[in-house]
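Colleague: Respectively, the protein sequence lines represent chains A and B. Going by our numbering, the first sequence opens with residue 1, and the numbers climb by one from there. Going by our numbering, the second sequence opens with residue 1001, and the numbers climb by one from there.
Source of the hints: derived by calculation from the structure; they are not laboratory data. Backbone N, C-alpha and C define an ideal beta-carbon position, used for all residues, glycine too. Any given hint could turn out to be false.
Stated by the list, open to error - With a cut-off of at most 25 Å between alpha-carbon atoms, the simulated SDA-like pairs for lysine to any residue come out as follows:
id : chain 1 : residue 1 : chain 2 : residue 2
1  : A       : K318      : B       : W1110
2  : A       : K149      : B       : S1004
3  : B       : K1038     : A       : L126
4  : B       : K1038     : A       : L65
5  : A       : K318      : B       : L1062
6  : B       : K1038     : A       : D63
7  : A       : K149      : B       : L1014
8  : A       : K149      : B       : G1088
9  : B       : K1038     : A       : A84
10 : A       : K193      : B       : Y1078
11 : A       : K66       : B       : V1018
12 : B       : K1038     : A       : F288
13 : A       : K318      : B       : L1115
14 : A       : K17       : B       : L1014
15 : A       : K66       : B       : F1060
16 : A       : K318      : B       : I1099
17 : A       : K17       : A       : L126
18 : A       : K318      : B       : A1034
19 : A       : K318      : B       : F1060
20 : A       : K318      : B       : L1014
21 : A       : K113      : B       : S1004
22 : A       : K17       : B       : A1021
23 : A       : K149      : B       : A1021
24 : A       : K17       : B       : E1043
25 : A       : K318      : B       : K1038
26 : A       : K70       : B       : Q1039
27 : A       : K17       : B       : V1018
28 : A       : K113      : B       : L1006
29 : A       : K318      : B       : V1018
30 : A       : K149      : B       : R1055
31 : A       : K318      : B       : R1111
32 : A       : K318      : B       : A1086
33 : A       : K66       : B       : A1021
34 : A       : K318      : B       : R1112
35 : A       : K193      : B       : A1086
36 : A       : K193      : B       : G1088
What the hints assert, rightly or not - So these bits of chain A aren't anywhere near chain B, every CB distance computed over 12 Å:
id : residue
37 : K38
38 : L40
39 : I100
40 : I119
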Amino acid sequence: MLAVVGYFEPWWIQILKAILIFAVGLQLVPVVLLAERKLLGRFQSRYGPNRVGPYGALQPLADILKLLTKEQSRPTTSVGLLFAIAPLISILTAVAAFAIIPFGDTQDIFGTKVGLYGIDVSIGPLYVFALGGIAFYGIMLGGWSSGSKYSFLGAMRGAAQLISYEVSQGLALVGVVITAQTLSLTGIVTAQKGMWYFIPQFFGFLVFLVAGFAETNRAPFDVTEADAELVGGYNTEYGGGGFASYYFAEYLNVLVVSGIVTTIFLGGWLMPFGIHPPGWVDPIVVLFKMSLITFLFIWIRATLPRLRYDQLMSFGWKVLLPLATVNTLVTAIVVVAVH
Amino acid sequence: MLRSYLPAIVFLVLGGAVGGAFAVLNSVIGPRRATPHKQDPYECGLPSEVKRGMRFGISFYLIAMLFILFDIEVVFLYPIAVELRAYGSYALTETIVFIVLLFVAFGYVWRRGALEWR
Chain A
1 MLAVVGYFEP WWIQILKAIL IFAVGLQLVP VVLLAERKLL GRFQSRYGPN RVGPYGALQP
61 LADILKLLTK EQSRPTTSVG LLFAIAPLIS ILTAVAAFAI IPFGDTQDIF GTKVGLYGID
121 VSIGPLYVFA LGGIAFYGIM LGGWSSGSKY SFLGAMRGAA QLISYEVSQG LALVGVVITA
181 QTLSLTGIVT AQKGMWYFIP QFFGFLVFLV AGFAETNRAP FDVTEADAEL VGGYNTEYGG
241 GGFASYYFAE YLNVLVVSGI VTTIFLGGWL MPFGIHPPGW VDPIVVLFKM SLITFLFIWI
301 RATLPRLRYD QLMSFGWKVL LPLATVNTLV TAIVVVAVH
Chain B
1001 MLRSYLPAIV FLVLGGAVGG AFAVLNSVIG PRRATPHKQD PYECGLPSEV KRGMRFGISF
1061 YLIAMLFILF DIEVVFLYPI AVELRAYGSY ALTETIVFIV LLFVAFGYVW RRGALEWR
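Only chain A is shown next, with the shape it has when bound in the complex (with noise of 0.2 Å):
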């Protein structure tokens, strides 16, 4: 079972379709950056930006010039090849991840029958896992070489923040993995043809959608960057290029759980009430279920205060993980009374 993986391409239909969906991914994050400041203007009676561009539609573009002119300094205490090196590791596990949301089924497109996703392998979630754990080096190492106390503390929290979330994340989804009977994101798709998962796995899709708050560093998770104490968290060292970077890669992290929770739980490409579009139509759904899901996101910093930490880490630990162990286990046994 486990064995049995997606159809995969020629080589060169490989990379290319690598190309395409990254660039897309590229052009996704300055929208979302651009979409987050001007719905939090809206949400809190402002226009948030409105003079670079017309609607302030170039602000992303100027945003990145003005950080790329900045003077690039680190602190005499800093690590200096550590502190290179953090932002790039955020940023590489944040994209690697972005590979394996699927945009739609295998398509005949002149002839070859090709995937619409980067990847699609036998391990599915344990992959985006795997890469969660690397991305929580990004921040720590980050925050650790800059060698302040700010990005010290921020890294700490953030650290034990990220592993505490992320076991909950993962027993989410065993519920999940049991009624579609495979790890493959096209497979767990398909397997949604009767009814989304979030239905029958209600409790799987809140406790994942939280601890993707969690894991994503988001409001009102974000304990790591907490403004009013700790400057700016882990990153308060950064400038110009590597802040750019960290936050490339935290814009588009939220674009992966938002992925993540279209494939998993919201039924990926797949239309309610039995409607099947042609093959073309597939990515815009995704896309469009992927926008509520990031408005969600938006929606949720705009209204939320801050935890304080002892409350966000028993929250953690004593609600979601028991929340979710309960879930797997109650669908471990519908499942198999009703087989």
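Please arrange chain B on chain A, whose structure you already have, making use of the hints.
Modeller: Here is chain B on its own, set in the frame of chain A:
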């Protein structure tokens, strides 16, 4: 089968190019006017006394140990979850025993107060 990971490697190369471009462009375009005070770590108030080898809360280590324990359990649950239907009630019993054992350990950890943040 490792061939199916090829796109992921392409993603890694392209992602490295973006991150590298940020760093290289920044060091080419950005000015360099370093002064001793500019290179101090950020501080607000007293001079920073943080050393990298400094001691900090034991709670962080405790959480890390708990993580290893529970994450391994999660990883063990994945293979059995895929094959649960194939092995039926036999696998179900195993899963229940496994999760109950996990809960006993969890209850112990909770009672001993390891989950209280200090």
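Colleague: State for each hint whether it applies.
Modeller: Here is what the structure says about each hint:
1. K318/A with W1110/B: Satisfied, since the Cα-Cα distance of roughly 8 Å is no more than 25 Å.
2. K149/A with S1004/B: violated (43 Å)
3. K1038/B with L126/A: Given pair K1038/B, L126/A is violated - Cα atoms ~43 Å apart, limit 25 Å.
4. K1038/B with L65/A: Satisfied, since the Cα-Cα distance of roughly 22 Å is no more than 25 Å.
5. K318/A with L1062/B: holds (15 Å)
6. K1038/B with D63/A: At roughly 23 Å apart (the allowed maximum being 25 Å), D63/A and K1038/B satisfy the hint.
7. K149/A with L1014/B: violated (33 Å)
8. K149/A with G1088/B: violated (54 Å)
9. K1038/B with A84/A: holds (18 Å)
10. K193/A with Y1078/B: Given pair K193/A, Y1078/B holds - Cα atoms ~22 Å apart, limit 25 Å.
11. K66/A with V1018/B: holds (16 Å)
12. K1038/B with F288/A: violated (46 Å)
13. K318/A with L1115/B: holds (8 Å)
14. K17/A with L1014/B: Answer holds: K17/A to L1014/B is near 13 Å, not above 25 Å.
15. K66/A with F1060/B: Given pair K66/A, F1060/B is violated - Cα atoms ~37 Å apart, limit 25 Å.
16. K318/A with I1099/B: Holds, at roughly 16 Å.
17. K17/A with L126/A: holds (23 Å)
18. K318/A with A1034/B: Status violated; Cα separation ~49 Å.
19. K318/A with F1060/B: Given pair K318/A, F1060/B holds - Cα atoms ~17 Å apart, limit 25 Å.
20. K318/A with L1014/B: Outside the cut-off at roughly 40 Å; violated.
21. K113/A with S1004/B: holds (14 Å)
22. K17/A with A1021/B: Given that 25 Å is the threshold and the Cα spacing comes to 22 Å, the pair holds.
23. K149/A with A1021/B: Status violated; Cα separation ~29 Å.
24. K17/A with E1043/B: violated (47 Å)
25. K318/A with K1038/B: violated (44 Å)
26. K70/A with Q1039/B: holds (15 Å)
27. K17/A with V1018/B: Between K17/A and V1018/B the Cα gap is close to 18 Å, so the pair holds against 25 Å.
28. K113/A with L1006/B: holds (17 Å)
29. K318/A with V1018/B: violated (40 Å)
30. K149/A with R1055/B: holds (12 Å)
31. K318/A with R1111/B: At roughly 12 Å apart (the allowed maximum being 25 Å), R1111/B and K318/A satisfy the hint.
32. K318/A with A1086/B: Status violated; Cα separation ~33 Å.
33. K66/A with A1021/B: Given that 25 Å is the threshold and the Cα spacing comes to 15 Å, the pair holds.
34. K318/A with R1112/B: holds (13 Å)
35. K193/A with A1086/B: holds (21 Å)
36. K193/A with G1088/B: With Cα atoms ~23 Å apart, K193/A and G1088/B stay inside 25 Å; holds.
37. K38: Its Cβ never comes within 12 Å of chain B, the nearest being 24 Å, so this holds.
38. L40: L40/A is indeed farther than 12 Å from all Cβ atoms of chain B, at 24 Å.
39. I100: Answer for I100/A: violated, closest chain B Cβ roughly 8 Å.
40. I119: About 5 Å separates I119/A from the closest Cβ of chain B, which leaves it inside 12 Å; violated.
Of the numbered hints given earlier, the model fails hints 2, 3, 7, 8, 12, 15, 18, 20, 23, 24, 25, 29, 32, 39 and 40; all others are met.
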